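> Kindly produce the complete structure, drawing on both the sequences and the hints.
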Amino acid sequence: MAGIVGYGAYVPIYRIKVEDIAKVWSEDAESIKKGLNIREKSVPGRDEDAATIAVEAARRAIQHADLEGTDMGAVYVGSESHPYAVKPTATVVAQAIEAGSRLMAADLEFACKAGTAGIQMVMGLVDSKMIKYGMAIGSDTSQGRPGDALEYTASAGGAAFILGGEKKDMIANITHTVSYTSDTPDFWRREGASFPSHGGRFTGEPGYFRHITGATKLLFEQTGFKPSDFDYAVFHQPNGKFPINVAAQLGFEMRQIEPGLMTPIIGNTYSGASMIGLASTLDVARPGQRIMVTSFGSGAGSDSFAIEVTENIDAKRDRIEPVREMVSKHKTYVDYSVYLKNRGSITKT
Amino acid sequence: MERASASLWRKIRSRYNLVGNECQNCNTPYFPQRVVCRKCGRNSKMVEKQFSGNGEIYSFTTVRVPPDTFKDEAPYFIGVIRLEEGPMVEGHVIDNGIAPKIGTKVRMQFRKMYVDGQEGLIYYSFKFEPL
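Protein sequence lines, in the order shown, are assigned to chains A and B.
Using this note's numbering, you'd call the opening residue of the first sequence number 1 and step up by one each time.
Using this note's numbering, you'd call the opening residue of the second sequence number 350 and step up by one each time.
In short, the hints are calculated from the structure, not lab data.
This one's a predicted model, so the numbers in the text were calculated from it and none came from an experiment.
Each residue gets a CB set at the ideal place from its N, CA and C atoms; glycine is no exception.
Take these hints with a grain of salt, some might be off.
[To be verified] Residues of chain A clear of chain B, computed beta-carbon distances all greater than 10 Å:
id	residue
1	96
2	106
3	145
4	176
[Claimed, not checked] With a Cα cut of at most 25 Å, we get these calculated PhoX-like pairs of lysine-lysine:
id	chain 1	residue 1	chain 2	residue 2
5	B	420	A	348
6	A	241	A	331
7	B	461	A	331
8	A	167	A	316
9	A	331	A	17
10	A	331	A	34
11	B	450	A	329
12	A	331	B	454
13	A	329	B	461
14	A	132	A	167
15	B	360	B	420
16	A	217	A	241
17	A	23	A	34
18	A	348	B	461
19	B	398	B	360
20	B	454	A	329
21	A	87	A	129
22	A	341	B	461
23	A	241	A	17
24	A	33	A	17
25	B	461	A	87
26	A	316	A	329
27	A	341	B	420
28	B	420	B	461
29	B	398	A	331
30	A	87	B	360
31	A	341	A	17
32	A	341	A	329
[What the hints assert, rightly or not] Facing chain B, according to a computed beta carbon distance under 8 Å, are these residues of chain A, among others:
id	residue
33	49
34	98
35	102
Pasting the structure below:
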């Protein structure tokens with residue numbers, strides 16, 4: 001099957017602490033930090049959106065893979081914050097990596113799992129030999145209504161993965177993938193609405209947990225794998241608590257999910273979340289190790305992947321800054337008013 | 350909506366990727382592109398060149414009284430960047446918490462430059478991030 005040839009992640013440098021949001025709404029920061037297992041979240045710059053984040057991630061992936069933009073036969077961008085309702089983000093990305101015009105490109109939307117849906121689509125094109133390389137991106141500047149619980153987690157970031165079919169290129173083989181999908185009204189945003197709505201506690205059991213466990217168990221059923229067969233696991237992370245709970249439910253240990261658990265320090269990057277987690281895990285994974293990834297998108301569905309790291313990973317390791325280093329080294333804190341300005345919620349008259 | 354999409358479209362490659370050109374006769378690089386080399390005149394052999402986006406701040410200023418286009422950005426930095434390949438480029442310097450100084454190393458980032466109202470186009474371009 002197709003494998004990962006290169007990857008790149010990008011998280012905006014701005015951060016806001018839970019305390020700064022809680023102060024505005026007279027809420028108890030400590031209980032929110034403990035309840036959601038989150039300390040701070042990334043905030044996009046005023047001049048950043050899902051397209052600029054996708055481009056930065058894509059450029060890092062190209063550098064990591066040591067390929068040219070023109071090598072890409074497809075570019076798919078998954079997001080729930082595409083800058084245009086009609087005009088693709090994917091064409092902006094393709095132009096910005098100088099991919100030329102001879103490629104397939106489209107925008108995808110499936111809440112927080114549109115990026116991993118893109119990985120599956122590119123895998124199909126590579127495995128059927130329609131293209132040699134393709135890129136799947138998950139990128140978001142996610143929205144949270146002021147005062148809503150989502151405001152503490154909805155953040156910005158993205159990751160890009162280049163997939164190919166030749167063993168000599170691959171840093172990791174994707175040995176199997178499955179999806180688990182149902183019509184579940186846990187979280188939505190209507191056309192033209194500025195902020196998403198959600199079903200509160202309903203987003204948990206019938207949404208996140210049912211689909212993540214459904215996809216992961218299906219992967220186990222079809223492959224014969226069990227949790228102990230994997231060195232690492234990455235789950236979608238809408239907050240810092242859900243992935244820890246679902247990992248425990250499925251029989252994974254904390255040490256398996258720690259490298260990919262990024263939400264406590266960057267927030268929920270929506271379409272970027274499980275992909276940034278995978279990028280961070282690949283930063284530390286060694287040849288021969290196995291990684292399991294299960295994304296989740298409201299509406300609802302999960303994509304699950306079994307991945308095996310190859311010996312090629314070490315040769316490419318130093319080409320880009322590791323995700324955790326990027327996130328911890330490049331950050332500057334903003335207060336709530338600058339956060340509102342960066343989000344475009346307040347403007348000069 | 351104020352601006353025509355054709356003017357955006359014509360500049361996409363230079364704005365997205367710092368694509369300028371170079372005279373193959375004397376190896377002088379240019380950004381933005383020139384039809385004729387300043388040095389070689391009618392002997393010019395101009396070919397496209399994509400610049401790395403790495404450079405250093407040659408000069409900069411803080412804009413506190415901006416044009417309407419950037420009214421929500423002010424105060425912001427505008428710099429003259431000497432690219433490592435030679436040409437000088439004017440561009441926005443991103444406020445990333447590192448105070449720009451003459452000689453500060455920078456690298457190109459892909460950012461929104463201008464949003465044409467509620468219904469117009471979004472103009473993307475290079476900006477420079479201090480390192």
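> Each hint: holds or not?
Here is what the structure says about each hint:
1. 96: The assertion about residue 96 (chain A) is violated, with a minimum of 5 Å to chain B.
2. 106: holds (19 Å)
3. 145: holds (20 Å)
4. 176: Non-interface label stands for residue 176 (chain A): nearest chain B Cβ at 35 Å, farther than 10 Å.
5. B:420 / A:348: holds (7 Å)
6. A:241 / A:331: Given pair residue 241 (chain A), residue 331 (chain A) holds - Cα atoms ~23 Å apart, limit 25 Å.
7. B:461 / A:331: OK: residue 461 (chain B) and residue 331 (chain A) at ~20 Å, within 25 Å.
8. A:167 / A:316: Cα-Cα ~14 Å, so holds.
9. A:331 / A:17: holds (12 Å)
10. A:331 / A:34: With a Cα-Cα distance of about 23 Å, the restraint between residue 331 (chain A) and residue 34 (chain A) holds, given a limit of 25 Å.
11. B:450 / A:329: holds (20 Å)
12. A:331 / B:454: holds (18 Å)
13. A:329 / B:461: The given pair, whose Cα atoms are some 23 Å apart, holds under the 25 Å limit.
14. A:132 / A:167: It holds: about 12 Å lies between the C-alpha atoms, which stays within 25 Å.
15. B:360 / B:420: Holds, because 23 Å separates the two Cα atoms, which is no more than 25 Å.
16. A:217 / A:241: With Cα atoms ~20 Å apart, residue 217 (chain A) and residue 241 (chain A) stay inside 25 Å; holds.
17. A:23 / A:34: holds (16 Å)
18. A:348 / B:461: Roughly 18 Å between the alpha carbons, so the hint for residue 348 (chain A) and residue 461 (chain B) holds.
19. B:398 / B:360: holds (15 Å)
20. B:454 / A:329: Between residue 454 (chain B) and residue 329 (chain A) the Cα gap is close to 17 Å, so the pair holds against 25 Å.
21. A:87 / A:129: violated (28 Å)
22. A:341 / B:461: holds (15 Å)
23. A:241 / A:17: holds (17 Å)
24. A:33 / A:17: At roughly 10 Å apart (the allowed maximum being 25 Å), residue 17 (chain A) and residue 33 (chain A) satisfy the hint.
25. B:461 / A:87: holds (15 Å)
26. A:316 / A:329: Judged against 25 Å, a Cα distance of about 21 Å means the pair holds.
27. A:341 / B:420: holds (12 Å)
28. B:420 / B:461: Holds, because 14 Å separates the two Cα atoms, which is no more than 25 Å.
29. B:398 / A:331: With a Cα-Cα distance of about 33 Å, the restraint between residue 398 (chain B) and residue 331 (chain A) is violated, given a limit of 25 Å.
30. A:87 / B:360: Holds, at roughly 18 Å.
31. A:341 / A:17: Answer holds: residue 341 (chain A) to residue 17 (chain A) is near 16 Å, not above 25 Å.
32. A:341 / A:329: With Cα atoms ~24 Å apart, residue 341 (chain A) and residue 329 (chain A) stay inside 25 Å; holds.
33. 49: holds (6 Å)
34. 98: For residue 98 (chain A), the interface hint holds, since the closest Cβ of chain B sits about 6 Å away, which is under 8 Å.
35. 102: violated (16 Å)
When each numbered hint is compared with the structure, violations occur for hints 1, 21, 29, 35.
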